[in-house]
Amino acid sequence: MVSDLFPLKVRAAQTSRRGKVLVGPVDMDLEGAGVTVVLGPNGSGKTTLLRLLHGTARLTRGTIEWACDTMQARHHQAFVFQRPVMMRRSVVDNISYPLHIKGICKTEARVRAANWAARIGLGDMLERPATVLSGGEQQKLALARAMITNPKVLFLDEPSAALDGRAMREIEDLLQEAVQAGTRLILSTHDFGQARRLANEVVFLLHGQVHEQSHAAPFFAGPQTAQAAAFLRGDIVE
Amino acid sequence: MNDLWAGISQAVWMVASFDSDLVEITLRSLHVTLMALVIGSAVALPLAAFLAVRRFRFRRSVIAILNALMGLPPVVVGLVVYVLLSRSGPFGVLGLLFTPSAMIIAQVIIIVPLIASIAHQSLRDLWSEYHDLLISMNVTQVQKMRTLLWDARRALLTASLAGFGRAIGEVGAIMIVGGNIEHATRVLTTAIALETGKGDFALALALGFILIALAISVNLAIHWLSRTEQEGRW
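Listed in order, the protein sequences are those of chains A and B. Sequence positions in the first sequence follow our numbering and run 429 to 666. Sequence positions in the second sequence follow our numbering and run 162 to 395.
This is chain A alone, in the form it adopts within the complex (with noise of 0.2 Å):
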């Protein structure tokens, strides 16, 4: 299914606060499917530009269209924050809540999320507050939490950036599945390795610039830029 909303045409968009430019000019487009990883170091706008893309940091300058209309485009989008916000419920109704604000009933919304908590391996404690989970449990929560209503886009930012081996295999296994179903992913890491596996398409990050945009394979065999070169090798670029 390659989804109505790309692709996504993005023109010097720009967003400041306080006449201060966080991230921008930004040109880019994005197509229909895969995986885009953003690359960059602490502080070079990875957060702001994927809010910017999904909506939720304003947009000062420049344009950002998605195929169809923003505000139906808004529907079928979700996000992973970096540090996932728990409501203060159940476990199950914390994954029910998307369902819940868009008005399916209550038993069919828990039915679907006990599923998805089957899924990520919380189907015992469905009842529990989900403010005592571990880091872990709470990021898979949240990534069921953003799943659960299908959505065409999934943007992550730094879906497992404290999160050991297992729990970060977990989540990646995951994110591939909804992949192959069609989800269109954009993440923010600054882990290569978790970059490599996931990526189709790079967009490294300097500055609140877009300095490199490239396919995967080229990107990571030689990238164009020399700062980005740095980056890859582990150098600290500033």
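Honestly, the hints are just simulated from the structure, not real lab data. Treat the hints with caution; some may be incorrect.
Only some residues are given here: those of chain B computed to face chain A with a beta carbon under 8 Å [said to hold, decoys possible]:
1. 293
2. 310
3. 355
4. 356
Derived Cβ-Cβ restraints for the label pairs, each shown as a range [claimed, not checked]:
5. B/386 to A/491: 51 to 61 Å
6. A/556 to B/222: 14 to 24 Å
7. A/491 to B/299: 12 to 22 Å
8. A/532 to B/344: 51 to 61 Å
9. A/589 to B/191: 50 to 60 Å
None of the values given here were measured: they were computed from a predicted structure. Just so it is clear, CB atoms sit at the ideal spot from N, CA and C, and this is done for glycine as well.
The hints should help you fit chain B onto chain A, whose structure is shown.
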């Protein structure tokens, strides 16, 4: 000290003998205060949620005024409500003056700013936690408010109980608008004021201890019913 002991023993005796006047004014106290609490919470909690999620021009001023009104002098509220409800006032035709309804109206006015201010504090904190998530999910304003109110319900209980505390011990406003009429608008606090004025300290103290016991038992009952302060709950 003698008065205190006499008060305690009289309180025990009155409770043990189910003194009919005592039962009547205690029930009226509860009726007036609980009604005021229900109506006040129904107004104040949505207002607090609205102030937490909605950004509008005079929001900060409204919050500041609400905070200031927490210390609203009950006597003045009573006076204003009296003027509004008196025969020549705008709501005189309703004939509410010197009825329990008038007392409920005055208490609602007193406790709404208190409940709204305390509730707003906790809802604001919760909103800063939920903000990104709910914005990202395109949640409507009403859904935001309902989500916040539901997830902060235990903190809101504290806000409501503060309102209950203020209302049950209040005397200035309900004395003015109720008139402390025997078998009609006399409640525990106005009876205490009356007995003190008459010099019957033992009876006044007895009523006072009963009032305190009532406040404590209502608080305990609400806590017990809502199972707060248990592990893993909010």
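Hint-by-hint comparison with the structure:
For residue 293 of chain B, the suggested interface contact is upheld, since its CB lies about 6 Å from the closest CB of chain A, less than 8 Å. At about 12 Å, the closest approach between the beta carbon of residue 310 of chain B and any beta carbon in chain A exceeds 8 Å, and the interface hint on this residue is violated. The beta carbon of residue 355 of chain B is not positioned within 8 Å of any beta carbon in chain A (closest approach about 47 Å), and the interface hint is therefore violated. About 47 Å separates the beta-carbon of residue 356 of chain B from the nearest beta-carbon of chain A, more than 8 Å, and the hint is not met.
In this structure, residue 386 of chain B and residue 491 of chain A meet the distance hint of 51 to 61 Å, their C-beta atoms being roughly 55 Å apart. Range check, residue 556 of chain A to residue 222 of chain B: about 42 Å between beta-carbon atoms, so the 14 to 24 Å window is missed. Remark: the range hint 12 to 22 Å for residue 491 of chain A to residue 299 of chain B is upheld by a beta-carbon distance near 20 Å. For the pair residue 532 of chain A and residue 344 of chain B, the beta carbons lie near 55 Å from each other, so the given range of 51 to 61 Å is met.
Distance hint check for residue 589 of chain A and residue 191 of chain B: the Cβ-Cβ separation is about 54 Å, which falls inside the suggested range of 50 to 60 Å.
Hint violations for this structure: numbers 2, 3, 4 and 6, all remaining hints satisfied.
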